[in-house]
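Trainee: Chain residues, written in single-letter form:
Protein chains: 2
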Amino acid sequence: MNEPLSLWNQTPTRHAILDFVAAVTTPGSPDFVPPAERIATFDNDGTLWCEKPGYIQLFFAVERLKELAAADPSLLVQPAYKAAVDGDLAYFEGLYPGNLPELMKLLYDTHAGMTQAEFEAQAYAFLCQGIHPRYGRPFMQLAYQPMVELINYLEANGFKVFIATAGGMSFVRMVSEEIYGIPREQVIGSNITYETRMTETGPVLFRKPGLVEPLGDGPGKPANIELHIGRKPILAGGNADGDLHMLWYSQTHPCRSLQLLLRHDDGEREYAYDAGAEKVQQLAAERNWQVISMQKDFYKVFAFE
Amino acid sequence: MNEPLSLWNQTPTRHAILDFVAAVTTPGSPDFVPPAERIATFDNDGTLWCEKPGYIQLFFAVERLKELAAADPSLLVQPAYKAAVDGDLAYFEGLYPGNLPELMKLLYDTHAGMTQAEFEAQAYAFLCQGIHPRYGRPFMQLAYQPMVELINYLEANGFKVFIATAGGMSFVRMVSEEIYGIPREQVIGSNITYETRMTETGPVLFRKPGLVEPLGDGPGKPANIELHIGRKPILAGGNADGDLHMLWYSQTHPCRSLQLLLRHDDGEREYAYDAGAEKVQQLAAERNWQVISMQKDFYKVFAFE
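Here the protein sequences line up with chains A and B, keeping their order.
All residue numbers for the first sequence refer to the working numbering, where the first residue is 50 and numbers rise by one.
All residue numbers for the second sequence refer to the working numbering, where the first residue is 50 and numbers rise by one.
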């Protein structure tokens, strides 16, 4: 067997992860946790794949807004459609983090009304073919390889790993198996509501405007974890203030637990930013969460490097 | 290895199940289905455990209504509290199937406002200690053993088995591992909403009045399956009209699929009733679904027989 976590540098972070996994999986260890309780949850945008210069799903929604505006130019009186056609990403960035629910509503409503099968085909095509503006690679390739390796390592050690995304659950599900080896049902998060319509050939699922409550961000993350999993994670990973409830929630587990906070400090290979992560970084220091420095801890960031 | 499905009689039903499982799991078979697609979903009340003379969760809610009325007798002006104190189960039965949403709201609201941990402790204690009025056994023991055996058999053949209940998801989760060997996260269904409240010791989950949409019954079952699983099942099992959408939905899968409809025709060992299953029985005949006769196909019904 290869050495585990070979895409991580030999730093205290890597050591802390290996130490934790050994402690909770070694029979007889005072920290041993039975397999059924080995639940890990990771945020997706900015934790498992790149979220700059905008959420990947935002690029997808912008494409859709442009399509809709081309079919009906009267939509251009609405600022979101105009911003999409003008390529004004800053307009959408201005909506979050303060207005995340409004942004999410926009993302969802642009893909409402169609069947779920139509949405899935569009989302998958976009993730394979849409090109990231900086890296010139399909969005599918924007996953952080050390995090993918960590997920695989946890699974090999009897963990069940979930993605708890604030973004669209069914968007991420289209590629979760291919990118992370995580089956669709282990991707949980914000999502549009579904409606079953009876047709002559049987029931068909349509996407309805409106979100299933709660939004999978901030306090909505533990709520969503309970809704979809029904257990508290012993390991949680995030990168932004929207993840702090989930990280702290995992730390209230009676068993030994690990909290990982990815810090974006690598402007050369990725992006360097702390905006939107001020609170969680302070909590991490106060509560002894393990901070991952992308610059120091990642031997490699993307597969295409 | 023991012969599979030993709790089933040697009937065409058992043969149809074995034949289906062999066809979809044998490499090289024209009907072979890869493991990731081997999703099975079963209704719970009346399909996996006894639902007469009332839903098990209804007995739980009645206990709670009595508790609440004892603490505050002014509640007795409300018919549900009065019926609970009077032991008038017929009042609650009168609410369904026509008024299932109202009944569900009642079931949920009686256990709202508390923490999820408090609910879980109460639910688990009730399922272990509450006694079924006819069998004189704890409710936990009311699972149909041939169905438990079928679930285990499917899992041994690479299926991932989910319970899609119209009843309370977190109620069933308390015992799903113990009774069926199904982990909590594979129990999906109707559920109350959760709220994360920050306390000095971290985030705590509370139960809020109101249901996560949709109710996991009828057209809500395929919608819930999409929300929690994101794949169409190739095998679905139910017993009542509220299951017909799910059964038909599984039959729209492009791979070979199997639909199982349990018929309650065994008044001696269990109950004999077709009420509330008229539509699904007609559809089963029209669409070639496999009807399970409890009387003819089950060698044994309960573990305590």
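Check before you lean on any hint, since a few could be wrong.
No distinction is drawn between identical chains; accordingly, a pair holds when it is met within one copy or between any pair of copies.
[Claimed, not checked] SDA-like cross-link-like pairs, simulated, lysine to any residue; straight-line CA separation at most 20 angstroms:
no. : residue 1 : residue 2
1   : K328      : T250
2   : K328      : G251
3   : K115      : E244
4   : K328      : R246
5   : K101      : T164
6   : K257      : R280
7   : K131      : D80
8   : K257      : G77
9   : K154      : E262
10  : K328      : E249
11  : K131      : F255
12  : K328      : V253
13  : K328      : M247
14  : K131      : A72
15  : K257      : Q171
16  : K345      : L144
17  : K154      : L56
18  : K328      : S55
19  : K345      : P303
20  : K328      : T248
21  : K101      : G207
22  : K349      : R186
23  : K349      : S123
Just so you know, these hints were derived from the structure itself, not from any lab.
Trainee: Taking the hints in turn, state whether each one holds.
Mentor: Results for each hint:
no., hint, result
1, K328 - T250, "between (52 angstroms within a copy, 17 angstroms between copies)"
2, K328 - G251, "between (49 angstroms within a copy, 15 angstroms between copies)"
3, K115 - E244, "neither (26 angstroms within a copy, 37 angstroms between copies)"
4, K328 - R246, "between (44 angstroms within a copy, 17 angstroms between copies)"
5, K101 - T164, "neither (29 angstroms within a copy, 38 angstroms between copies)"
6, K257 - R280, "between (29 angstroms within a copy, 18 angstroms between copies)"
7, K131 - D80, "neither (56 angstroms within a copy, 50 angstroms between copies)"
8, K257 - G77, "neither (50 angstroms within a copy, 40 angstroms between copies)"
9, K154 - E262, "both (12 angstroms within a copy, 17 angstroms between copies)"
10, K328 - E249, "between (53 angstroms within a copy, 16 angstroms between copies)"
11, K131 - F255, "neither (27 angstroms within a copy, 42 angstroms between copies)"
12, K328 - V253, "between (43 angstroms within a copy, 19 angstroms between copies)"
13, K328 - M247, "between (47 angstroms within a copy, 14 angstroms between copies)"
14, K131 - A72, "neither (54 angstroms within a copy, 54 angstroms between copies)"
15, K257 - Q171, "within (17 angstroms within a copy, 36 angstroms between copies)"
16, K345 - L144, "neither (32 angstroms within a copy, 62 angstroms between copies)"
17, K154 - L56, "neither (37 angstroms within a copy, 51 angstroms between copies)"
18, K328 - S55, "neither (31 angstroms within a copy, 58 angstroms between copies)"
19, K345 - P303, "neither (31 angstroms within a copy, 48 angstroms between copies)"
20, K328 - T248, "between (50 angstroms within a copy, 16 angstroms between copies)"
21, K101 - G207, "neither (32 angstroms within a copy, 39 angstroms between copies)"
22, K349 - R186, "within (16 angstroms within a copy, 59 angstroms between copies)"
23, K349 - S123, "neither (47 angstroms within a copy, 67 angstroms between copies)"
When the structure is compared with the earlier hints, violations turn up for hints 3, 5, 7, 8, 11, 14, 16, 17, 18, 19, 21 and 23 and for no others.
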